[in-house]
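**Student:** Take the given structure of chain A and dock chain B to it, following the hints.
Protein sequences appear in the order of chains A and B. By the count of our numbering, the first sequence reaches residue 246 at its end, each step adding exactly one. By the count of our numbering, the second sequence reaches residue 1450 at its end, each step adding exactly one.
Just so you know, these hints were derived from the structure itself, not from any lab. For clarity, every value in this text was computed on a predicted model and none was experimentally measured. Every residue, glycine too, gets a C-beta built ideally from N, C-alpha and C. Treat the hints loosely; a few may be bogus.
Cross-link-like lysine to any residue pairs, in silico, SDA-like; alpha carbons within 25 angstroms at most [unchecked claim]: (1) A:Lys138 to A:Ser126; (2) A:Lys90 to B:Leu1275; (3) A:Lys31 to A:Gly68; (4) B:Lys1009 to A:Ala112; (5) A:Lys91 to B:Ala1024; (6) B:Lys1261 to A:Arg63; (7) B:Lys1152 to B:Gln1180.
To give an idea of the interface, some chain B residues facing chain A are shown, with a C-beta separation under 7 angstroms as derived from the structure [unchecked claim]: (8) Lys1003; (9) Ala1006; (10) Glu1254.
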Amino acid sequence: MDERKTTLRVENVFKYYGEFTAVKNLSFEVKAGRVFGFLGPNGAGKTTTIRMIVGINYPDEGRIELFGNRISGEMQNRIGYLPEERGLYKKMKIVDQLRYFAALKNVSSKTADERIDFWLERMNLSEWKKKKTTDLSKGMQQKIQFISTVLHNPDLLILDEPFSGLDPLNVEFMMDVIAEFKSLEDKTLIAKITEHADEKEIQLVENADAQILLKRLIESGASISKFEQIEPSLNDIFIEKIKGNQ
Amino acid sequence: MRKFLAVVKHEYKKIVLKWSFLLATLLFPVLAAAFAIVPALIFSIKGEATRIVIVDQTGKVAPRVQANLANDKLAARADKAARDSLKDLSASQEERMKRNAEQFGGNFKFVEYSADEKSFEQIKRELNQKLTADELDAYLIVPSDFEAAAAKFEFFSRKAGDFVINSALEEAVNEAVRSQRLADANISEAQLKDLSQKVELNVRKINETGAEKDGDSSFVVGIIVAIMIYITLLIYGQQIMSAVVEEKETRIAEILFSSAKPFELMMGKLVGVGLAGLTQIAIWIISALVLIGIGLAQMSAAGMDISIPDITPLMVVCFFIFFLLGFFIYATIYALIGSMVTTVQEGGQFAFPPILLLVIAFYFSFAVIRDPNSRLSFWTSIAPFFAPIVMPVRIMAEMPPFWHIALAILLNVLAIAGLVWLAARVYRVGMLMYGKRATIPEVWKWIRQS
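If we strip away everything but chain A, and leave its shape as in the complex, we get (with noise of 0.2 angstroms):
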């Protein structure tokens, strides 16, 4: 329909760890306002193209644009990722810790702190605001590590794995928020899920957009685990559904 601008573009990325190949002439391309699943066994890269699209690790061929531009300082500033190990500081007040995670994405203190008024507001935690995370239970942890992946309003939105852990009521709740950002223009969502993913996080995905498929075979009785692709002609397969009319 209208030519949308490209939020990330992956282009032949390869990562090597020492002798084991971790991600293999890597290619796909995410245009903005829409939606991705990113999926795949354990050990298929998906963790590692993450890392080198939010700036962690840097590709050792090959190329990742964010926005059009290669990825930098600036660019970091408009991802939000929340990564699939998480925590918060343990004896940290949690609006300190927000007002922190804020401040290393550029945002004014007084910004970050209407926000973080209009987030914990909104999930309900208001009252746990000058609590330790050490008082919080372990959903309401989860919720403040959305929060600190948002407060910033970033254009890309990276959800590693973000039911698991969540209980229902809370899943219900996290839907509305996604579904809400999704709603947004320019706003583009990435959302990776394993084989073990849980009922919702396979509805996200399958509701996606598209879906970027990371595939890999473990060969069984090797003593290290070696990585092959399923299909030698693709490297990693790439496969992108378009729903609807877009």
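**Tutor:** Coordinates of chain B only, in the frame set by chain A:
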């Protein structure tokens, strides 16, 4: 830069706005004072008088011992000892010393006992009965051959562990026997007094300009400086390590690394924690200077001349410079270790290399106080890892040539640059390695690859 400052602010506030910081800041001077005062207080507590019998069938020693143990004589001796150790007593100190001496002196009560014509065994039996009946605390038997070298003085006491009593008695007996021997050699009491006059060593230090100075005070100040730097480096180094491990253990590192460069994060942490340490030391030093200032003003108002070590502003500046150098050296090592391990406990096991270096530096500073101009002093006061403790101590002992200080600063800055370079590489990879501790070959690979 903004992100770097955000990290600095975060780390600084995390430490300084905590009760433990306030407590440690206030407690250190209190503890230091307690270490100095409490032992003196404990020994000044007056014990009950020791009821003692001196059995002397020769009749020559006992009167002398009794005279020596008389209150005024003991008091004089204690007073003399106190004066030797503490020059320039103020009036109030002198008053206190006298009181203490009296307390020590009043500790003997002589019990009458007739030992005439009794055998050694009989005396012992009778006196032991008195001991068990709580009529007596101790007794001393002077042998008839007391002048012989092999003579054995038997002392029986229910409180044999009271070394204050024991040493007072031993000295009194020694002096008594000595004077009796001299009297036997026809030397008069007056001659005796002249002959046994003690020599006094007045320790003065001469610096390069030729000015004299008291020797003792620079030792004490040197040790205090060494302890202060040693403890703060240790505490803040560990603080860095546990902060790094926390971010790794809780996986916060992943979020942080997706927001700012690892180098910014690491340096921000080092600078923030360093500033917190600096704040604490500054509070200590300023309050110490203020207290010394008040004390001096009071004393000079009372017309007293008291010697304190001269501390110049240059010394204070050097102190802060070397504290910072030491902080960055050790904090970087701790950050490196923190990013290699998986838990704080594991970090504690691997923290021995920096602790060892600190302890060695601390011991070198003793050698430096004894001889600030030796070759050992020169090398240890410029060497990386040691200079941060040794050089300030050396400066307190005696101002070294300026180029020594400059060289020490240069070498340590180079060491910091090298360590930061190494740590940044290990930190980048190590912080995202979960589950297992990195081995040295692995770490070496990270350093080479990045």
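**Student:** Give a verdict on every hint.
**Tutor:** Verification of the supplied hints:
With a C-alpha separation of about 16 angstroms, the suggested pair Lys138 of chain A and Ser126 of chain A falls inside the 25 angstroms cut-off, and the hint holds. Pair hint Lys90 of chain A plus Leu1275 of chain B holds up; C-alpha atoms about 23 angstroms apart against a cutoff of 25 angstroms. A distance of roughly 11 angstroms separates the Cα atoms of Lys31 of chain A and Gly68 of chain A; the hinted pair therefore holds under the 25 angstroms criterion. Our distance criterion of 25 angstroms between C-alpha atoms is met by Lys1009 of chain B and Ala112 of chain A, whose separation comes to about 16 angstroms.
About 19 angstroms separates the Cα atoms of Lys91 of chain A and Ala1024 of chain B, which keeps this hinted pair within 25 angstroms; it holds. The hinted pair formed by Lys1261 of chain B and Arg63 of chain A meets the criterion: a straight-line CA distance of about 19 angstroms does not exceed 25 angstroms. Our distance criterion of 25 angstroms between C-alpha atoms is met by Lys1152 of chain B and Gln1180 of chain B, whose separation comes to about 16 angstroms. Restraint check, Lys1003 of chain B versus chain A: the minimum CB separation of about 6 angstroms is within 7 angstroms; hint holds.
Of the supplied interface hints, the one on Ala1006 of chain B holds, with its beta-carbon coming within about 4 angstroms of a beta-carbon of chain A, less than 7 angstroms. Look at Glu1254 of chain B: its Cβ gets to within about 4 angstroms of chain A, closer than 7 angstroms, so that hint holds up.
In terms of the numbered hints stated before, the structure departs from none.
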